[in-house]
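Work the whole structure out from these sequences, hints included.
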Amino acid sequence: MNYTITHRTIYDYPAAVSASFHAARFEPQTFEGQKCTDFELRVWPPPAVQKVRTDYFGNRVSFFSIQEMHRRLEVSARSRVAVKAATPPALALSEPWEKVRERFRDPVSPADVQPYEFCLDSPLIMATPQLADYAKASFPAGVPALVGVRDLARRIFREFKYDPRATTVATPIDEVFRKRAGVCQDFAHIAIASLRSLGIPARYVSGYLRTVPPPGKERLVGADASHAWFAAYCPQQGWLEFDPTNDLLVGEDHIRVAVGRDFSDVSPLSGILTGGGEHEVNVSVDVRPEG
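Residues in the sequence shown are numbered consecutively from -14, following my numbering.
Quick caveat, the hints were computed from the structure, so don't treat them as lab data. Each hint should be verified, as a subset may be incorrect.
Lysine to aspartate or glutamate pairs mimicking EDC-like chemistry, simulated, CA-CA at most 20 Å apart [stated by the list, open to error]:
no.	residue 1	residue 2
1	LYS84	ASP118
2	LYS121	GLU87
3	LYS146	GLU160
4	LYS20	GLU275
5	LYS84	ASP97
6	LYS146	ASP159
As structure tokens, this is what we get:
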């Protein structure tokens, strides 16, 4: 499936901003099964300085600074991406979850260092006994690790309510767990924290999801949104991605942009500024399949 994706972000400031510095993560990744064939980032006012590099996690990041007075910032990213359909893996062939946990107990072998770092706490996610207890219902003795992960994602889908008003970007994970409500970012964080609490490597994934309008309704341009899900690691299968918000194994309807320990590593647009005051943000996303 080929996609054209347009992601537009507008900041309106009540007071003038004299200077601002930003990091943007909008460029979809290229890996086996997905290829970004074209990417363009436009910023207004035009940046005085703009550089692109690959961060620690392999994400493409554009750094830019605006050094003129402005009361409005517009950042528009346009991507073309090809995603291949893949045969779903046989989850039951993964190792028992206890064996995976033992492999990632400190000290680990040099070959396991990279996945092992995703067993550790991160800025927004902390392993807890409470979350370990929650996860254990999906991991009875001897169950294949990925079967347990799939069940955990399904339980989050069933037991947590999707409610954009229940949380904000800054809502702590323990509050999300208590409310049993939130958005895709929260559900991914709950899954990651639960798996890390058992000693299974898990990481955060940001990107886009192709949405299909209800029967008889037209697609609304710009009505899509950024999405988030998670990936779990099993030594034989590698990283496998799950979408607890929609109870899905990630497939050709998902477009990956960035990976990290949690949302703080993959925020689409972050930065600091001088002036501006309390500002408004408007985001428009359009994921258009091209066949």
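Open item on the list: Tell me the hint numbers this structure goes against, listed in increasing order.
Closed with: none
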